[in-house]
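All chains, please: the whole structure from these sequences, using the hints.
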Amino acid sequence: MINQVLFLHHDHHTAAHMGINKTTTKLVNKYYWPNMYKTIINYIKPCTRCSKYNYRRTKLPGKMNIIPTPNEVMDLVGMDYWGTTEQSTTNGNKYVITMTDYLSKFVFAKAVRTNSAQEAAEFFLDVCYHYGAPTKLITDQGSHFIAELTKSIVNSCHTTHILATPYDPMLNAQTERFNATFAPALSKLMNEQKQDWNELLQPIIYAYNTSQHGTTTFSPFQIMFGGENLLLMDPQQMKVSLSKPNQYYEKVKRARSIIINHAKLNIQHQSKLAKIRYDRNRLDPIYHINDLVLIRVINKVSKLQEKYEGPYRIIDQKGPSTFIVKIEDPDNDHNPNYTKQVTTSDMKPICIREDCE
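Just so you know, we're using the working numbering here: the sequence shown kicks off at 14 and counts up by one.
Source of the hints: derived by calculation from the structure; they are not laboratory data. Among the clues, some could well be false.
Claimed, not checked - Label-pair ranges, simulated between beta-carbon atoms:
{"hint": "1", "residue 1": "265", "residue 2": "295", "range": "39 to 45 angstroms"}
{"hint": "2", "residue 1": "21", "residue 2": "296", "range": "28 to 34 angstroms"}
{"hint": "3", "residue 1": "331", "residue 2": "103", "range": "43 to 49 angstroms"}
{"hint": "4", "residue 1": "287", "residue 2": "322", "range": "26 to 32 angstroms"}
{"hint": "5", "residue 1": "203", "residue 2": "28", "range": "54 to 60 angstroms"}
{"hint": "6", "residue 1": "33", "residue 2": "349", "range": "35 to 41 angstroms"}
{"hint": "7", "residue 1": "38", "residue 2": "301", "range": "34 to 40 angstroms"}
{"hint": "8", "residue 1": "174", "residue 2": "329", "range": "16 to 22 angstroms"}
{"hint": "9", "residue 1": "322", "residue 2": "265", "range": "54 to 60 angstroms"}
Claimed, not checked - Computed list of lysine-lysine pairs in DSS-like fashion (alpha-carbon distance at most 30 angstroms, straight line):
{"hint": "10", "residue 1": "285", "residue 2": "72"}
{"hint": "11", "residue 1": "58", "residue 2": "35"}
{"hint": "12", "residue 1": "76", "residue 2": "266"}
{"hint": "13", "residue 1": "316", "residue 2": "58"}
{"hint": "14", "residue 1": "76", "residue 2": "316"}
{"hint": "15", "residue 1": "149", "residue 2": "339"}
{"hint": "16", "residue 1": "76", "residue 2": "320"}
{"hint": "17", "residue 1": "58", "residue 2": "285"}
{"hint": "18", "residue 1": "331", "residue 2": "149"}
{"hint": "19", "residue 1": "320", "residue 2": "65"}
{"hint": "20", "residue 1": "285", "residue 2": "266"}
{"hint": "21", "residue 1": "76", "residue 2": "264"}
{"hint": "22", "residue 1": "35", "residue 2": "316"}
{"hint": "23", "residue 1": "123", "residue 2": "149"}
{"hint": "24", "residue 1": "339", "residue 2": "361"}
Cβ coordinates follow ideal geometry from the N, Cα and C atoms, glycine included.
What follows is the structure in structure tokens.
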């Protein structure tokens, strides 16, 4: 009897799946039973349709996981594509592939025609030939980065390849942050000088690498090479004093050690402040293997489309906030059962009504 009343006041199309407070207000004026409010909560809270379609009115769940600060340059780098641009260059380039060093914030970039695995592999090798192979590489799970060609090249350089969860703003944030800086700079120069954007790419990279970074308080060039770069617009010194090679080496070595240590301390300090800001008033749910969850729909095509899909079952945990869920898609003839890596920010706990009572 109670379930029938709850169905009529919540699930029926004339009830329109209203929330706990609105449903309770309607019921208390007409009915009473022991533990009435608790029963209403236990009925509405696990409603799959409400969970899928309701807007989340709080911050996305999941505390920030701080990436350990690298000890040296090229210990950890992130690689990503930017583009496509509306205007291609005279030689057909439509994309920019970038690599950012997580300690120095130094950026390598190249204009390319396609966002293919071959372009990614060639760019990675080009950086390795000039600056040495990075210890660890972070990329997203785009097909160009998980292709066998890219994986074989990265492995041949003995670099550990870390795949970021799709749409995870934290893991590959350094590269994403540069892309957000690069795009406005390119737009401003293009509109001002009416030049091919391909010709403006390296000047913008140069300006970025020789400017003081807000987090480290040093320029990326200083940390990368241990000294300040002589800017193109600086006056040339007429007198040059040459020190003995061994004295110069020791001087550069000491200066570079001081710069790197200060940069690491500044990065760690800023990371702690960022975590405090990010974690404030943010839920940090705990999930276990075999839990049922809904997954946030990222690319919605309609305002009437469900906000979450599922439910799916957690089958593995890869990190503090990274999980593997099993997707069952009977409409997919080629791959009806597959797995997907997701983070807690894109997950919502759910239980079946019988299990929640």
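Taking the hints in turn, this is what the structure says about them:
Range check, residue 265 to residue 295: about 44 angstroms between beta-carbon atoms, so the 39 to 45 angstroms window is met. For residue 21 and residue 296, the hinted distance range of 28 to 34 angstroms is satisfied, since their beta carbons lie about 32 angstroms from each other. Separated by about 44 angstroms at the C-beta atoms, residue 331 and residue 103 satisfy the suggested range of 43 to 49 angstroms. The hint said 26 to 32 angstroms for the Cβ distance between residue 287 and residue 322, and at roughly 30 angstroms that hint holds.
A hinted range of 54 to 60 angstroms for the beta carbons of residue 203 and residue 28 is consistent with their spacing of about 55 angstroms. Separation of residue 33 from residue 349 is about 36 angstroms and conforms to the stated range, judged on CB atoms against 35 to 41 angstroms. The hinted window of 34 to 40 angstroms between residue 38 and residue 301 holds, with their beta carbons roughly 35 angstroms apart. Checking the proposed 16 to 22 angstroms range against residue 174 and residue 329 shows it holds: the Cβ atoms sit about 19 angstroms from each other.
Separation of residue 322 from residue 265 is about 55 angstroms and conforms to the stated range, judged on CB atoms against 54 to 60 angstroms. As the CA atoms of residue 285 and residue 72 are separated by approximately 19 angstroms, the hinted pair is consistent with the 30 angstroms bound. With a C-alpha separation of about 13 angstroms, the suggested pairing of residue 58 with residue 35 holds against the 30 angstroms cut-off. Using a Cα cut-off of 30 angstroms, the hinted pair residue 76 and residue 266 is violated, with the two alpha carbons roughly 38 angstroms apart.
Taken as a hint, the residue 316 and residue 58 pair is honoured in the structure, with Cα atoms around 23 angstroms apart against an allowance of 30 angstroms. The suggested pairing of residue 76 with residue 316 holds, with an alpha-carbon distance near 28 angstroms, which does not exceed 30 angstroms. Among the hinted pairs, residue 149 with residue 339 is consistent with the structure: their alpha-carbon atoms are about 28 angstroms apart, no more than 30 angstroms. Straight-line distance between C-alpha atoms of residue 76 and residue 320 comes to about 21 angstroms, which keeps the hinted pair within the 30 angstroms bound.
The suggested pairing of residue 58 with residue 285 is violated, with an alpha-carbon distance near 35 angstroms, which exceeds 30 angstroms. Proposed proximity of residue 331 and residue 149 is supported: the alpha carbons are some 17 angstroms apart, at most 30 angstroms. In summary, the hint linking residue 320 to residue 65 is supported, as the alpha carbons are separated by about 5 angstroms, within the 30 angstroms threshold. For the proposed pair residue 285 and residue 266, the alpha carbon gap of about 29 angstroms is at most 30 angstroms, so the pair holds.
Distance restraint check for residue 76 and residue 264: the Cα-Cα separation of roughly 42 angstroms exceeds the 30 angstroms cut-off, and the hinted pair is therefore not satisfied. Under the criterion of a C-alpha separation no larger than 30 angstroms, the hint pairing residue 35 with residue 316 is consistent with the structure, at around 23 angstroms. For the proposed pair residue 123 and residue 149, the alpha carbon gap of about 20 angstroms is at most 30 angstroms, so the pair holds. Restraint check: the Cα-Cα separation between residue 339 and residue 361 comes to about 15 angstroms, which is no more than 30 angstroms; the hinted pair holds.
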